[in-house]
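Enquirer: Quick note: the sequence shown uses the numbering used here, first residue 957, plus one each step.
Since the hints were made in silico from the structure, they are not lab data. All residues carry an ideal CB built from backbone N, CA and C; glycine is no exception. Incorrect hints may have been included.
[To be verified] With a straight-line cut-off of 30 Å between C-alpha atoms, the simulated DSS-like cross-links for lysine-lysine are: (1) K1008 <-> K1064; (2) K1165 <-> K1151; (3) K1249 <-> K989; (4) K1043 <-> K1008.
[Claimed, not checked] Derived CB-CB ranges, DEER-like: (5) I1256 <-> A1014: 45 to 51 Å; (6) I1226 <-> D992: 38 to 44 Å; (7) P1138 <-> K1168: 24 to 30 Å; (8) L1148 <-> I1256: 53 to 59 Å; (9) A1119 <-> K1064: 29 to 35 Å; (10) D1109 <-> I1255: 45 to 51 Å.
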Amino acid sequence: MILNIWRVTDGKSGHDSQSTGLCQAIANLTKCKQYDIPVISFFDYLKNLILKKFPYGADLPNPDLIIGAGHKTHLAMLSARQVRKGKIIVLMRPTLPLSFFDICIVPKHDTPPKNNNIILSNGAINTLKYNEKKQEQLGVILIGGPSKHYRWDNESIIEQINAVVTICNDINWTISNSPRTPQDLMSKILKLHYKNADVLDYKNDTNKKVRKLIFLAKNIWITPDSVSMIYESLTSGASVGLFDLRKSKKNRINNSIDSLISDNIVVPFITWEKKNKLPANNLCLDEAGRCAKIILDKII
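Work out the full structure, taking the sequences as your base and the hints as a guide.
Expert: And the structure:
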């Protein structure tokens, strides 16, 4: 049996990492063919849902699984299933009722109800694999940007980056930004002319390059707003530090980050300052593989 998978994508890097990671994990367990369907327009999919149409996959075989991450993919998946059948697997807790979807993979920190169609995950599923042969002298710094969860502070982030790079001067660092990173922050970092740090711009460098560095690097620092990057780094087996930012308000996202800190899985900058040491990562996470096995057990 060959599973036909329709992966519905909104084009966002973090969401694509989740849906691609799950598709890859399923492909590792059984024969399948993957077809990517980009989201076009909310109103088009709403109209299609009402009219019971789905023209976008007309030349594709009927799906066994329809997989997507991100709110913009939800109506597309629902209208696709209505016309072409298949089972919907949604990643992250949807805003629509959970009962609308066949399987929901929801992070534990979202505290969903105990329904039969819910699979709990440790953070966000991703494409990374555990690497037991990490390079001690390689480090990565991943910078997010303003979000509704934390109060962004350019100067504070620059000061913390400067401390990490200068104190850990035996490590070769790569500093990478993201679409949310303020441009003036990167301009200021470039002016520091570190001898032991390179700067990557997401506009010029591929996600594959950054993820390869995450896979290889032993030491990774991340701004706490970048939840998907935190779990990608943990999945890779890296030791992870988090830069300090003030919370905008207490919510499930920063509560989940606080849990990682209290369990000594990641270390905040204020704690690292005292010993200049990141904790060993003994998690051996493979959430994509674990969830893929559960899905196949449910549908086969």
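Enquirer: For which of the previously enumerated hints does the structure constitute a violation, in increasing order of number?
Expert: 1 and 5
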